[in-house]
Amino acid sequence: MQAFYGFKDGSGEWFVIIDADACNGCGKCVEVCPAHALEVGEDEFDPFSEKHHVRVKEGERKKIRYTCAPCQPGYGEEPPPCVAACEPGAISHSEAWLHAYAKK
Amino acid sequence: MAEQGKQEYWRWPEGKWVNPRIDWRKGKIITAGVDVGSVSSQAAVLVDGDLYSFSNTRTGSDSPDSARKAMGIAVEETGLALDNIDYCIGTGYGRVNVPMAQRTITEIACHARGANFMYGPEVRTVMDMGGQDCKAINCDDKGKVLNFMMNDKCAAGTGRGMEVFADLIRVPVWEIGPRSFQIKKEPPMISSTCVVFAKSEVVGLLEKGVPENDIMAAYCSAMAHRIMELLNRLGVHEKFVITGGIAKNEGVVKRLEKELGIKTAEKVWHRPAYKDYPFETQIAGALGAAIFAEAMVSKGKVKSVRKT
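As you go down the protein sequences, you meet chains V and G in turn.
For the first sequence, counting from 1, position 94 maps to 94 in the numbering used here; every step adds exactly one.
For the second sequence, counting from 1, position 260 maps to 1260 in the numbering used here; every step adds exactly one.
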């Protein structure tokens, strides 16, 4: 399952995309996130799944653009810490940050 | 509301239904789902996995009260009490405030599961147009969520936006769909994304003397366009279904179909035995929750809390 956490408004699409099938629940991204925006928990979208995976905390979802922005200036050159820490490559960000915050 | 007029144009009809073919006293497992949304609340009761009753009502200012009201209407005059229910699951925006629920499940999972039950296993994309958000969900043949996208940041393209519009233009909300087609030529859509700005744009059109029906058409196509933007990223697959209150507004649905180039599935029960049951697009969430409850109890994943 692919979970899109975030929002879309007039300024663009701001989503942290987590591939729950790829995520192994190791929690390394949780440790490196400077905003403490991530957590590992049960699958909210499949009540019968026993597997735990990472998700964006509920309170961060509606302000994710700003929560994630400090990690984004290097976008395109080096990945944000959560993405770099993820061995299975389960985390990605939508392109809006790239356009708004990448080094020009 | 806004004016002193006695009629409240946003008020949509509430509803309830009880299955006359089922006697709940003979049922082994009775489960319920309560979906407390921002604008409407629903409850659905299943007896051994078969639809027994449902209700659809407006959410008040107090979530627990709205949940009790929805549940109360669903079991009214049936003799069924909360103590007879094996398991109850809360869902929706106000799911943490459902007092009779033993656990909660997100509305994303419930809507996918409910739509799968209602429209059949061929459903691949579910668009839930709720009171204050819209969600696009892709699911598999078992109603399991594959991916989803939610727009809960603002009221643009939501049911509440339509209610506000109905009030402003003083036309009952259920008449907007049909009347939006009584036009000579499709007008340009309302350009503002924001409901508040769209409202002032509508006032401007009214002042200019644009016919009411044209304004309704302009608003419906703006809403359809907004929903399409959300769907574009996720991808729409057939069978495509719409749940929630806006599914009843053909002015939005038909324009969305035209923009997407995909038809929405017919609003009929997938199960042949259900063909004369009323089809209520708003109960998908509550129904999904009740189905999850049934599956959990029958698989022994949770214990029944039934007292009598």
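A couple of the hints might just be wrong.
Claimed, not checked - Only pairs whose alpha carbons sit at most 30 angstroms apart, straight line, appear in this in silico DSBU-like list of lysine-lysine:
hint	chain 1	residue 1	chain 2	residue 2
1	G	Lys1299	V	Lys8
2	V	Lys51	G	Lys1303
3	V	Lys8	G	Lys1199
4	V	Lys63	G	Lys1199
5	G	Lys1263	V	Lys8
6	V	Lys8	G	Lys1144
7	V	Lys51	G	Lys1239
8	G	Lys1142	V	Lys57
9	G	Lys1254	G	Lys1026
10	V	Lys57	G	Lys1248
11	G	Lys1026	V	Lys62
12	G	Lys1028	V	Lys8
13	V	Lys8	G	Lys1303
14	G	Lys1263	V	Lys51
15	V	Lys62	G	Lys1184
16	V	Lys51	G	Lys1144
17	V	Lys8	G	Lys1254
18	G	Lys1258	G	Lys1184
19	V	Lys62	G	Lys1307
20	G	Lys1142	G	Lys1199
21	G	Lys1199	V	Lys57
22	G	Lys1144	V	Lys63
These are computed hints drawn from the structure, not numbers from a lab.
Against the structure, the hints come out as follows:
1. Lys1299(G) - Lys8(V): Distance ~39 angstroms between Lys1299(G) and Lys8(V) Cα, so the pair is violated.
2. Lys51(V) - Lys1303(G): OK: Lys51(V) and Lys1303(G) at ~21 angstroms, within 30 angstroms.
3. Lys8(V) - Lys1199(G): Holds, at about 21 angstroms.
4. Lys63(V) - Lys1199(G): Given pair Lys63(V), Lys1199(G) holds - Cα atoms ~26 angstroms apart, limit 30 angstroms.
5. Lys1263(G) - Lys8(V): holds, 25 angstroms
6. Lys8(V) - Lys1144(G): holds, 24 angstroms
7. Lys51(V) - Lys1239(G): holds, 29 angstroms
8. Lys1142(G) - Lys57(V): Judged against 30 angstroms, a Cα distance of about 27 angstroms means the pair holds.
9. Lys1254(G) - Lys1026(G): Distance of about 43 angstroms is beyond 30 angstroms: violated.
10. Lys57(V) - Lys1248(G): Roughly 34 angstroms between the alpha carbons, so the hint for Lys57(V) and Lys1248(G) is violated.
11. Lys1026(G) - Lys62(V): Outside the cut-off at roughly 46 angstroms; violated.
12. Lys1028(G) - Lys8(V): violated, 45 angstroms
13. Lys8(V) - Lys1303(G): It is violated: about 40 angstroms lies between the C-alpha atoms, which goes past 30 angstroms.
14. Lys1263(G) - Lys51(V): It is violated: about 36 angstroms lies between the C-alpha atoms, which goes past 30 angstroms.
15. Lys62(V) - Lys1184(G): Violated: Lys62(V) and Lys1184(G) sit about 41 angstroms apart, past 30 angstroms.
16. Lys51(V) - Lys1144(G): holds, 15 angstroms
17. Lys8(V) - Lys1254(G): holds, 24 angstroms
18. Lys1258(G) - Lys1184(G): holds, 18 angstroms
19. Lys62(V) - Lys1307(G): Distance ~41 angstroms between Lys62(V) and Lys1307(G) Cα, so the pair is violated.
20. Lys1142(G) - Lys1199(G): Given that 30 angstroms is the threshold and the Cα spacing comes to 41 angstroms, the pair is violated.
21. Lys1199(G) - Lys57(V): violated, 34 angstroms
22. Lys1144(G) - Lys63(V): holds, 27 angstroms
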